[in-house]
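Chains as they are written, first to last, in numbering that gives the first Met the number 0: chain H, 0 to 206; chain C, 0 to 206; chain A, 0 to 206.
Incorrect hints may have been included.
Because identical chains cannot be distinguished in the list, a pair is counted as satisfied if it fits within a single copy or across any two copies.
Claimed, not checked - Dumping the calculated DSS-like pairs for lysine-lysine here, alpha-carbon to alpha-carbon at most 30 Å:
1. K149 - K201
2. K26 - K80
3. K79 - K201
4. K89 - K79
By construction, these hints were calculated from the structure, which means they are not laboratory data.
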Amino acid sequence: MQQTSILLEFLGTIAFAITAVLAGTEKRIDLLSACVFALVTAVGGGTIRDVIINQPVFWATSQFYIWVPILCAVIAFFWKKIFIRKRVNKLLLYMDAVGISVFAIQAFEKVWNLDYGTPLGPIILGVITAIGGGIMRDVMAGRSNLLLSKELYAIPILIGCVAYAFILNYAPGYSLYSGLFCMVLIFAIRCIAIEERLTVPKWLIST
Amino acid sequence: MQQTSILLEFLGTIAFAITAVLAGTEKRIDLLSACVFALVTAVGGGTIRDVIINQPVFWATSQFYIWVPILCAVIAFFWKKIFIRKRVNKLLLYMDAVGISVFAIQAFEKVWNLDYGTPLGPIILGVITAIGGGIMRDVMAGRSNLLLSKELYAIPILIGCVAYAFILNYAPGYSLYSGLFCMVLIFAIRCIAIEERLTVPKWLIST
Amino acid sequence: MQQTSILLEFLGTIAFAITAVLAGTEKRIDLLSACVFALVTAVGGGTIRDVIINQPVFWATSQFYIWVPILCAVIAFFWKKIFIRKRVNKLLLYMDAVGISVFAIQAFEKVWNLDYGTPLGPIILGVITAIGGGIMRDVMAGRSNLLLSKELYAIPILIGCVAYAFILNYAPGYSLYSGLFCMVLIFAIRCIAIEERLTVPKWLIST
Numbered sequence: 000m001q002q003t004s005i006l007l008e009f010l011g012t013i014a015f016a017i018t019a020v021l022a023g024t025e026k027r028i029d030l031l032s033a034c035v036f037a038l039v040t041a042v043g044g045g046t047i048r049d050v051i052i053n054q055p056v057f058w059a060t061s062q063f064y065i066w067v068p069i070l071c072a073v074i075a076f077f078w079k080k081i082f083i084r085k086r087v088n089k090l091l092l093y094m095d096a097v098g099i100s101v102f103a104i105q106a107f108e109k110v111w112n113l114d115y116g117t118p119l120g121p122i123i124l125g126v127i128t129a130i131g132g133g134i135m136r137d138v139m140a141g142r143s144n145l146l147l148s149k150e151l152y153a154i155p156i157l158i159g160c161v162a163y164a165f166i167l168n169y170a171p172g173y174s175l176y177s178g179l180f181c182m183v184l185i186f187a188i189r190c191i192a193i194e195e196r197l198t199v200p201k202w203l204i205s206t
Numbered sequence: 000m001q002q003t004s005i006l007l008e009f010l011g012t013i014a015f016a017i018t019a020v021l022a023g024t025e026k027r028i029d030l031l032s033a034c035v036f037a038l039v040t041a042v043g044g045g046t047i048r049d050v051i052i053n054q055p056v057f058w059a060t061s062q063f064y065i066w067v068p069i070l071c072a073v074i075a076f077f078w079k080k081i082f083i084r085k086r087v088n089k090l091l092l093y094m095d096a097v098g099i100s101v102f103a104i105q106a107f108e109k110v111w112n113l114d115y116g117t118p119l120g121p122i123i124l125g126v127i128t129a130i131g132g133g134i135m136r137d138v139m140a141g142r143s144n145l146l147l148s149k150e151l152y153a154i155p156i157l158i159g160c161v162a163y164a165f166i167l168n169y170a171p172g173y174s175l176y177s178g179l180f181c182m183v184l185i186f187a188i189r190c191i192a193i194e195e196r197l198t199v200p201k202w203l204i205s206t
Numbered sequence: 000m001q002q003t004s005i006l007l008e009f010l011g012t013i014a015f016a017i018t019a020v021l022a023g024t025e026k027r028i029d030l031l032s033a034c035v036f037a038l039v040t041a042v043g044g045g046t047i048r049d050v051i052i053n054q055p056v057f058w059a060t061s062q063f064y065i066w067v068p069i070l071c072a073v074i075a076f077f078w079k080k081i082f083i084r085k086r087v088n089k090l091l092l093y094m095d096a097v098g099i100s101v102f103a104i105q106a107f108e109k110v111w112n113l114d115y116g117t118p119l120g121p122i123i124l125g126v127i128t129a130i131g132g133g134i135m136r137d138v139m140a141g142r143s144n145l146l147l148s149k150e151l152y153a154i155p156i157l158i159g160c161v162a163y164a165f166i167l168n169y170a171p172g173y174s175l176y177s178g179l180f181c182m183v184l185i186f187a188i189r190c191i192a193i194e195e196r197l198t199v200p201k202w203l204i205s206t
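My request is simple: use the sequences and hints to build the entire structure.
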């Protein structure tokens, strides 16, 4: 279980880093900026979470979370052509979906286990962990960010985190597999959104 | 006194949340983004303050500060028409003035009582608490922010916080009502600015 | 040594504050915004560092770091003409080079001595301390930032910090003067970049 979890994080981190470089290189950046964007995207959200809950920042003890984005950034920077191919790009989208599912639910569990601001704290910090880094990257790259797009991206994460809070509160007997279930829930909704090119329904968009 | 204070905070939080949604919906955002903008505006500044002074983030213990902005965001999102009416909009401006006065002075007191970086720390963190969330929202929404406008908004807050520091330092005998006095001072200057459409005087604007 | 170090910090802080005001006043800001931009540039990076490593923020205990930027901001605001003269402007560039060298290496040492995330932690936080404030300022001023420019600015800082980590790891016998050496290294590369108008080499820029 532990190992599967690390493998999924690994996939997610790779996707976060590579997509950050692809997004950044729209603007002709240098290699160091590419690494910065990759790092911000991969560890930015979790860093905000750890600073808020006053825990040691996760990448300080497991430097793996720094090396992987840097390595990915270098590869994506010099072999950009590979990653903009249609098939590879779609694979990245799915790996990114794995990433947001794993990061959100792991963050939720970390905050929930500390009983920090339960129940809203874990939900909010789960969402921040999954999307915070990407928003920071877009702000720093002068691009429009997730909050202004109609893509169905943050809503699945919110649904998964809220579902997890409900299960832990009202059906604690099912808590053993509920984390896994909510991870799959986020991933599944996000996959349907990718496959069917779903956007946020119209009645949920301001006029 | 305690209850009045909570009522004023309540008014301020509502104004912060609703104006955030109105500002965000210029760009056709979805409901979740509206909630994010409302939350960032209402609790963003105080969160930066608590992280800097290394205290538990205020909304983790009093979830009221999260529920109110979310509720307001939902209402403002679906009944936007009400809030863009001239009269209601002006009411919101005054409620916002209440908000910045209360948040700035409360933050000042929190930091001052911890003797954190006295005397500049309480002043700086008072200002950050009042305007930090709004700046974060505008940066995330890709809009021009307060720091680039000529509105008389941050200066009254600074005046109130500096006055408070002076009173506590040089006339501690008056400390009992000085917080209330400085709150009213910020509110009064801001109200005059709203009513008379005052802007920052020309000699204080760069050429 | 201690006194030289404070003098160099002083020069760097002045340069950071004044260039912040000059950058901000492209957009007709008021005096308070000028002070905010000066403060963010001068203490923003170090504040992020201290919050991440969970140490008291440096400017809370040494208010000198706040007064100097404010004073510089006021001077630069009213006597802008002096600082846009070619010679003075070049002097500022060199003082800024002093600043990034000192801030990066001091931050590196602070983090290294806490054994926080060694070896990547000190490198990353050294770079963040030197350039973080400037990026925050540009984001808040709605300007394009360092990460999107081709100037040779962040790379010298990275080289200096990586070199320091190598020396402390593989040649600890030379640790006494290695900090000074790496500071000079950053400064020297940056000076050559200024003098020769060097940009990031083409093969390090994305196509």
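query: Which hint numbers doesn't this structure obey?
result: none
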